[in-house]
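Colleague: With chain A held as given, fit chain B onto it using these hints.
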Amino acid sequence: MTAILIQPASPEQPVSPVQAVAARRGRVRTVARWWPAVLVGIWALLIVFPQVLARQNPYALNPVHALLAPGAAHWFGTDEAGRDVFARCVYGIRYSVGISIAIVVLAAVVGAALGGLAGLGNKLADNLVMRTTDVFLAFPYMILAIAIAAAEGPGLVTVLIALTAVWWPSYARLVRGQILSLRELPFVEGARAVNTPRWQIFSRHMLPHLAPQLYARVAIDIGYAILALTGLSFLGLGAQPPTPELGSIIADARNYTLQAWWYATLPGAFILVAVVSAIVIGNRLERAAGGSPV
Amino acid sequence: MTFTAQYVARRLGAAVLVLLVVISGTFLLSHAIPADPARAAAGLHAGAAQVRAVAHQLGLDQSLWSQFGTYMGNVLRGNLGISYVSRTSIAPQLTAAVPATLELVVYSFLVCAIFGVIAGMAEAWWPRKVGTHLVRGTSILGTALPVFWFAIILQLVFAARLGWFPIESRLSSDTIPPPHITGFYTLDALLSGRWSTFGDAAVHLVLPVLSLVAWMFALTSRVAEKSFATELTRPYVQTAKARGVTSGRLLWRHVLRNALNPIITMLGLQFGWLLGGTILVEVVFSWGGIGSVMYTALQNFDYPVIEAVTLVSTIAFVVVNLGVDLLYPVIDPRIRRS
Chain A
1 MTAILIQPAS
11 PEQPVSPVQA
21 VAARRGRVRT
31 VARWWPAVLV
41 GIWALLIVFP
51 QVLARQNPYA
61 LNPVHALLAP
71 GAAHWFGTDE
81 AGRDVFARCV
91 YGIRYSVGIS
101 IAIVVLAAVV
111 GAALGGLAGL
121 GNKLADNLVM
131 RTTDVFLAFP
141 YMILAIAIAA
151 AEGPGLVTVL
161 IALTAVWWPS
171 YARLVRGQIL
181 SLRELPFVEG
191 ARAVNTPRWQ
201 IFSRHMLPHL
211 APQLYARVAI
221 DIGYAILALT
231 GLSFLGLGAQ
241 PPTPELGSII
251 ADARNYTLQA
261 WWYATLPGAF
271 ILVAVVSAIV
281 IGNRLERAAG
291 GSPV
Chain B
1 MTFTAQYVAR
11 RLGAAVLVLL
21 VVISGTFLLS
31 HAIPADPARA
41 AAGLHAGAAQ
51 VRAVAHQLGL
61 DQSLWSQFGT
71 YMGNVLRGNL
81 GISYVSRTSI
91 APQLTAAVPA
101 TLELVVYSFL
111 VCAIFGVIAG
121 MAEAWWPRKV
131 GTHLVRGTSI
141 LGTALPVFWF
151 AIILQLVFAA
161 RLGWFPIESR
171 LSSDTIPPPH
181 ITGFYTLDAL
191 LSGRWSTFGD
201 AAVHLVLPVL
211 SLVAWMFALT
221 SRVAEKSFAT
231 ELTRPYVQTA
241 KARGVTSGRL
251 LWRHVLRNAL
261 NPIITMLGLQ
271 FGWLLGGTIL
281 VEVVFSWGGI
291 GSVMYTALQN
301 FDYPVIEAVT
311 LVSTIAFVVV
321 NLGVDLLYPV
331 IDPRIRRS
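From first to last, the protein sequence lines are chains A and B. Numbered according to my numbering, the first sequence spans residues 1 to 294. Numbered according to my numbering, the second sequence spans residues 1 to 338.
Here chain A stands alone, though its shape is the one from the complex:
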């Protein structure tokens, strides 16, 4: 609202100092409004084109340069095989952040569909879905994810399945709860009165109301998914060598923490920044959706 009121003055008009200040403030507001989008853009760019930031090959072995300290040639130093740690981290974003996004989006879609089924379907469907979520939520989620991933055998796909499996129930519950409160509102009753099919009530009338909150939740959860995914990789359940995934890089580095401090510590900074970005974007979306940041 205020951003519309304080328009930058047009060039033909004489600019008073007050107007100039207002114009500058308007520009600042515009930047403040758009920086989350810029942040998303930066991460998307790094996932798709890691080579813009990392010039070196993350797989290139160079035993002569093993465990070099950070310097101009290798910003984050090198690992035990002489690979550039910075390049491995930047390429690792693709796996750590990319797969976390996939996990949460998948969990949200599955959860929203099943939650919709529970909220709008018959009693049996509702009970079935809700009792299933009860079972999943009875386990500590990391432990359950570890158990599922271990049963399937290590790998990135495994971790994707395991974390999606532990994450969808919370979305199913969220969506079902929202539907139960939306169901009583006049516009839904109206839609029902004119015989709109249930799935259409869900997709056309309810989903647009749910979406903003769902987006905010997805953004924050992507941050937590990155933590869970790198954690599983750290235990050896995720990416297998030589794939550069941030959690597994730190796991590899554990044998060298005392000789090469940079190897285990600097990759974690990428995780930290990625998770903070996700949480900050999520809080922003949440505020835009009208809720308070969690």
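It is possible that part of the hints are untrue.
[Unchecked claim] Simulated coverage check for chain A against chain B, where a stretch passes if three residues somewhere in it have a Cβ under 8 Å from a Cβ of chain B:
#1 54 to 61
#2 135 to 144
#3 230 to 242
[Stated by the list, open to error] Derived SDA-like pairs (lysine to any residue); straight-line CA-CA distance at most 20 Å:
#4 B/226 to A/210
#5 B/226 to A/283
#6 B/226 to A/213
[As the list claims (entries may be wrong)] Far from chain B by the CB rule (all over 12 Å, computed), these chain A residues:
#7 189
#8 208
#9 258
Don't read these hints as lab results, they were simulated from the structure. Heads up, the beta-carbon is just placed ideally off N, CA and C, and yes, glycines get one too.
Modeller: Below, chain B without anything else, positioned relative to chain A:
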């Protein structure tokens, strides 16, 4: 039957049901998902005949239903199966490891609960102070911390570089463990009056506990802040202020009890996170609890051990949440009367 008795009975019944479902769940995880458990048990180099023999020996060639019956019977009798790797019973191994993990988890939980609630209270009381913004900012950073990485950083800085704390394990190699009473080294040392052992155990606890607390503290203080902030807008607070109640008394006697419910719910759920986080921390600090057992089992594809740790952790989680449920009527008389 009084209402409270009914409430307790209902909660207990629900918890037992959940436990039965959880046992079935872990059974399915270990018997229905892995492509060939017998091959994993026999080892990578076993021939077909050997795999068949192992399958027969472990009962893996029977129907899923009869395997389930055996499994359920065993678990209910406290028999958690036999490790594929060591070929010994798992239950004694876990009994030795559980106190180590519990010691870590309980201390982290207490530190987090106490300081989280106090921080949340302070943030809600002084919403505009610089310190509040500072704590909130660090909170976001805290929730974004990868716990295993933070543990490594603490280890590098405070143990390796500064030498303030030991690098790993529960006791120094030259300290004799205290006699087994509770399994908590700190508590056992105190009970048997060995002060130097107590000091050694306590010093070893600092970094692992700090790693676990960092993440949980942020969430606790934020939920606490919200809960306190909501309570502070209520009319009874105004009334108390008008009566001239001191702010300390107002916060600790009037507001705290009312604000506690959501905080306790959240702490109960956080316990589940703690059980997962402890695995990562134990790996970094070579702690020797069930997390280390789990890690070794993961390296060796030792399914029965993985399954047993999953089960034990989940039972702990269910029990803690049962405790939370039973705590509500104690704290909140409204639940007792309704």
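Colleague: Against this structure, judge whether each hint is valid.
Modeller: Against the structure, the hints:
1. Counting residues of the stretch 54 to 61 of chain A whose CB lies closer than 8 Å to any CB of chain B gives 0, which falls below the minimum of 3, so the coverage claim is violated.
2. Three residues within the 8 Å Cβ limit are the bar, and the stretch 135 to 144 of chain A against chain B gives 8, so the coverage statement holds.
3. Here the stretch 230 to 242 of chain A counts 6 residues with a CB under 8 Å from a CB of chain B, which clears the bar of 3, and the coverage holds.
4. Restraint check for residue 226 of chain B and residue 210 of chain A: not satisfied, since their Cα atoms lie roughly 23 Å apart, outside the 20 Å limit.
5. For the hint pairing residue 226 of chain B with residue 283 of chain A, the CA-to-CA distance comes to about 15 Å; that is within 20 Å, so the pair holds.
6. Taken as a hint, the residue 226 of chain B and residue 213 of chain A pair is honoured in the structure, with Cα atoms around 19 Å apart against an allowance of 20 Å.
7. For residue 189 of chain A, the condition that its CB be more than 12 Å from all CB atoms of chain B holds, with the nearest at approximately 31 Å.
8. Listed as a non-interface residue, residue 208 of chain A keeps its Cβ farther than 12 Å from every Cβ of chain B; the least gap is roughly 28 Å.
9. The Cβ of residue 258 of chain A does not lie farther than 12 Å from every Cβ of chain B; its closest approach is about 6 Å, which violates its non-interface assignment.
Hint compliance for this structure: hints 1, 4, 9 are broken, all remaining hints hold.
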